[in-house]
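These are the residues of each chain, in order.
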Amino acid sequence: MSEFNIVGKSMPQLGSIEKVTGKALYTDDLQFDDLHYALILRSPYAHARIVSIDTSRAEALPGVKAVLTGCEYQKTFGVLPISYDETVLAVSKVRHVGEGVAAVAATTLEIAGEALKLIEVEYEELPGHFDPAAGIVPVENPVHDHGRNGSNIHKQVNLSFGDLQAAHSATLFEVSGQFEFPAVTHGFLEPHSAVARWSDSADELTIWSSTQVPFYLRRQLSRVFDLPLEKVRVIKPYVGGGFGGKSDPFPHEFVVAALAGKVRKPVKITFSREEVFISHHARHPSIIKMQLGADREGKFTYLDLDATINGGAFGSFGVVTTYYNGVLTQGPYRINNFRYQGRRIYTNLPPSGAMRGHGAVNTRFVKECLIDELAENMAIDPCDFRLANLLPEHTLTATQFRITSNGMKECIERVRRDSQWDARIGKLPYGHGLGVACSFFISGSALTINRDDPQSIVRTVREEDGRFTVYSGASDIGQGSDTVLAQVTAEVLGVDLDCIRVISADTGRCPIDIGSYSSRVTFMAGNAARLAALNLLQALEKGTGNVGVGEYESPKMGGDYKGAGAGLSPSYSFGASVVEVKVDTRTGFIKIVKVWLAHDCGKALNPQAVEGQIEGSVHMGLGQFLSEQLQFEGGRIANASFIDYKMILPTDLPEINAIIVESNDPEGPFGAKECGEGALHPVLPAAANAVYNACGLRLRKLPAAPDYVLSLLRHEHTPVGAKKP
Amino acid sequence: MLHKITIKVNGEPHSIEVGSAETLACILRERLRLTGTKLGCESGACGACCVLVDGVPRNSCLVLAATVDGATILTIEGLAGEKELHPLQKSFVEHGAIQCGFCTPGMVMSSLALITENPTATESEIKEAISGNICRCTGYTKIIKAITSIVEEYKAANMVES
Numbered sequence: 001m002s003e004f005n006i007v008g009k010s011m012p013q014l015g016s017i018e019k020v021t022g023k024a025l026y027t028d029d030l031q032f033d034d035l036h037y038a039l040i041l042r043s044p045y046a047h048a049r050i051v052s053i054d055t056s057r058a059e060a061l062p063g064v065k066a067v068l069t070g071c072e073y074q075k076t077f078g079v080l081p082i083s084y085d086e087t088v089l090a091v092s093k094v095r096h097v098g099e100g101v102a103a104v105a106a107t108t109l110e111i112a113g114e115a116l117k118l119i120e121v122e123y124e125e126l127p128g129h130f131d132p133a134a135g136i137v138p139v140e141n142p143v144h145d146h147g148r149n150g151s152n153i154h155k156q157v158n159l160s161f162g163d164l165q166a167a168h169s170a171t172l173f174e175v176s177g178q179f180e181f182p183a184v185t186h187g188f189l190e191p192h193s194a195v196a197r198w199s200d201s202a203d204e205l206t207i208w209s210s211t212q213v214p215f216y217l218r219r220q221l222s223r224v225f226d227l228p229l230e231k232v233r234v235i236k237p238y239v240g241g242g243f244g245g246k247s248d249p250f251p252h253e254f255v256v257a258a259l260a261g262k263v264r265k266p267v268k269i270t271f272s273r274e275e276v277f278i279s280h281h282a283r284h285p286s287i288i289k290m291q292l293g294a295d296r297e298g299k300f301t302y303l304d305l306d307a308t309i310n311g312g313a314f315g316s317f318g319v320v321t322t323y324y325n326g327v328l329t330q331g332p333y334r335i336n337n338f339r340y341q342g343r344r345i346y347t348n349l350p351p352s353g354a355m356r357g358h359g360a361v362n363t364r365f366v367k368e369c370l371i372d373e374l375a376e377n378m379a380i381d382p383c384d385f386r387l388a389n390l391l392p393e394h395t396l397t398a399t400q401f402r403i404t405s406n407g408m409k410e411c412i413e414r415v416r417r418d419s420q421w422d423a424r425i426g427k428l429p430y431g432h433g434l435g436v437a438c439s440f441f442i443s444g445s446a447l448t449i450n451r452d453d454p455q456s457i458v459r460t461v462r463e464e465d466g467r468f469t470v471y472s473g474a475s476d477i478g479q480g481s482d483t484v485l486a487q488v489t490a491e492v493l494g495v496d497l498d499c500i501r502v503i504s505a506d507t508g509r510c511p512i513d514i515g516s517y518s519s520r521v522t523f524m525a526g527n528a529a530r531l532a533a534l535n536l537l538q539a540l541e542k543g544t545g546n547v548g549v550g551e552y553e554s555p556k557m558g559g560d561y562k563g564a565g566a567g568l569s570p571s572y573s574f575g576a577s578v579v580e581v582k583v584d585t586r587t588g589f590i591k592i593v594k595v596w597l598a599h600d601c602g603k604a605l606n607p608q609a610v611e612g613q614i615e616g617s618v619h620m621g622l623g624q625f626l627s628e629q630l631q632f633e634g635g636r637i638a639n640a641s642f643i644d645y646k647m648i649l650p651t652d653l654p655e656i657n658a659i660i661v662e663s664n665d666p667e668g669p670f671g672a673k674e675c676g677e678g679a680l681h682p683v684l685p686a687a688a689n690a691v692y693n694a695c696g697l698r699l700r701k702l703p704a705a706p707d708y709v710l711s712l713l714r715h716e717h718t719p720v721g722a723k724k725p
Numbered sequence: 001m002l003h004k005i006t007i008k009v010n011g012e013p014h015s016i017e018v019g020s021a022e023t024l025a026c027i028l029r030e031r032l033r034l035t036g037t038k039l040g041c042e043s044g045a046c047g048a049c050c051v052l053v054d055g056v057p058r059n060s061c062l063v064l065a066a067t068v069d070g071a072t073i074l075t076i077e078g079l080a081g082e083k084e085l086h087p088l089q090k091s092f093v094e095h096g097a098i099q100c101g102f103c104t105p106g107m108v109m110s111s112l113a114l115i116t117e118n119p120t121a122t123e124s125e126i127k128e129a130i131s132g133n134i135c136r137c138t139g140y141t142k143i144i145k146a147i148t149s150i151v152e153e154y155k156a157a158n159m160v161e162s
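Chain order of the listed sequences is A and B.
Under the numbering used here, the residue at position 77 of the first sequence is numbered 77, and the numbers go up by one with no gaps.
Under the numbering used here, the residue at position 137 of the second sequence is numbered 137, and the numbers go up by one with no gaps.
In short, the hints are calculated from the structure, not lab data.
The structure displayed is predicted, hence computed values, not measured ones.
One or more hints might be untrue.
Quick list of simulated restraints, FRET-style, between CB atoms [claimed, not checked]:
id, chain 1, residue 1, chain 2, residue 2, range
1, A, G508, B, G81, 35 to 41 Å
2, A, G150, B, M1, 20 to 26 Å
3, B, S124, A, A539, 22 to 28 Å
4, A, L172, B, E128, 21 to 27 Å
Computed footprint of chain A on chain B, listed as stretches where at least three residues anywhere in the stretch have a Cβ under 8 Å from a Cβ of chain A [to be verified]:
id, region
5, 4-18
6, 85-92
Cβ coordinates follow ideal geometry from the N, Cα and C atoms, glycine included.
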């Protein structure tokens, strides 16, 4: 018997009935009287000065109600206060193909489209910066004026822990490699959409937007339009997926706000799919070099990591990404000597940002592949090698991250057992292989982006009919956070789930939650909901009131070096995956046969939803492994469509075995921690290691598309780590 | 140029004047306000706008409204009864086949066409049938389970051997 009534039981997400009947309203579905339509004129150049913009002919077109250019709102904004570098529309120069240059609002979409054609922009083209390696030194006409010493370096990180020199002398085995990763993108199904409307008095702005971060959007709208916070209301309707692609305040949200101010009517924009690709803000393309050593006992001696990440045209989450490429790589293993040198370079490509598994997916791939090589060199089973090097529970890492619950060991043991690893490894025929890899990820960042922001506040009210309403700023973007809040609340209050209503992600009605990103919501909003319900229960028992408020703040922790806050989380998830592949060595085609993925989510509040996160992560991770990449021709994306950007079809999907491991985190709500992002990490390197096991190829870039695999097979290019003499 | 068409949508007849370039998706969403039909790509690549036109699954973003005069159209809004969900809808809900829900209407309509045509569909036929519907959240696993469960129910009710 479970000790819980609601928590730990599988249940459909709240809103499922609305979604399956077509009644759920997403932003583009909302109806407004006298709605006007906005479109954005986008730059055809990757890098160019704007010499002049003539909008007079567009303005004269009947039906056009407003035209906007960049000079009208020049205040910069962004998600990180240290990187406010985007503007509503380009001011004086454009930095990537597709950057907004002008915008119109018209009575119909057709008229808006006609109006765009009438806007004349004179550009003076500048040489584009596309190669991040070339941006490390001072350059002519850098992407931004604020790059380091006239270069295109946006952020540079140098961290060192332990004694690398001493570690080298204790090292008996070492491996190294350089790996390349192209840009991949979120691929959520609902295009960005936003509607803005001003009050009749023109001093209050309401915006409905498909966003993961209503409170960040509110803050930035208030800054750019110089409005008090309480005069800006952001409402998140149903959101059709995000994965990080809706976790920045985006220019179009400001464009509709500005246009709606001019027209004095509601103005809407909904992106085309091509615009979604252009807006991007997804996984950074990167070049990663890593060296990894182990001693005669088979323990890691050091990790030396160098990452150059391509930031594209703007900052976005990039400063955090730069740190995450390093500091999230060390776990789940004990590695006391660790050096990281990383840099993020501005280029004239669409801005990179945060995507599921933020900042750590590519470096995780490199590390887990090199561990496989190291284990082979040492003639140790890769599962045993990993098990021998794990961080324990309740410890500190070299970077002073506080590890609490840790189900890593059980994750490895489960995938090992379920895949019949020991019976099968090394015994499969040529072309058929198994590979293993592990993961480590944050349950939200312990430090908030805006230092004065609370993490999450929930207010729960007992209504006159005895039912309960939970008010939370947390954004359900399809991951099911509303359901988590309802479950936690119902469990504490001892009532059925249908006694709970959740009102969320409306800055005008809900207390703050800083957003659905960095896999923070179950842990942080979940804790706030639990506290709110406990406080309400107390008030009801004492007869002192009908409302309970809960606030979650992360405990103080971490080191005192520069950047110590990056990657610091109140709780970390762990996971392991075994992937089984068949490689057709005539065609280079990799078939993923089966995936086992065990994820330590602390406590599965809703096991069905946790499985859903694992299965979705496997699908997305395998897509990056097998086929997904943005292809650029100069600064233009050549495959900005779902036809040409190859995500895995159901027909190519392997059997996925989602395994839930529960370590019961001491600080998580009912023991829960993250599951939405960490679960993506291990599947890519496990697949790569399976390819090696199948046919002896060590992959050095992604995707592992047939042409690349074939080229490796033809050149018998199998670099392996060298054994030290 | 305007064309007058008469279509039956979810059992209700509508006579509408449509432009030559207007798509069925646009008519459903903008004129009839049936926004359950979603637009994810407007190029026939994602399947979010799938509806049944005379029983055949069609990406309504690629269907010109002027070409469906006289057609009977079923959208997601017409699937459930007054009080009960369609068994397929129920199965999607119960199996946790719905995360963000944006692909759900199109996915349900594609699967409905499949199980109507082929109520004993195999797993590979199910995968084939929904391969024009992109879902980025679920990894398709629970969607396939939801559809399979309907097939199994049909087989059990009709004593069809697996």
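Cross-check of the supplied hints:
no.	hint	verdict
1	G508(A) <-> G81(B): 35 to 41 Å	37 Å, holds
2	G150(A) <-> M1(B): 20 to 26 Å	59 Å, violated
3	S124(B) <-> A539(A): 22 to 28 Å	57 Å, violated
4	L172(A) <-> E128(B): 21 to 27 Å	52 Å, violated
5	4-18	violated (count 0)
6	85-92	holds (count 3)
Of the numbered hints given earlier, the model fails hints 2, 3, 4, 5; all others are met.
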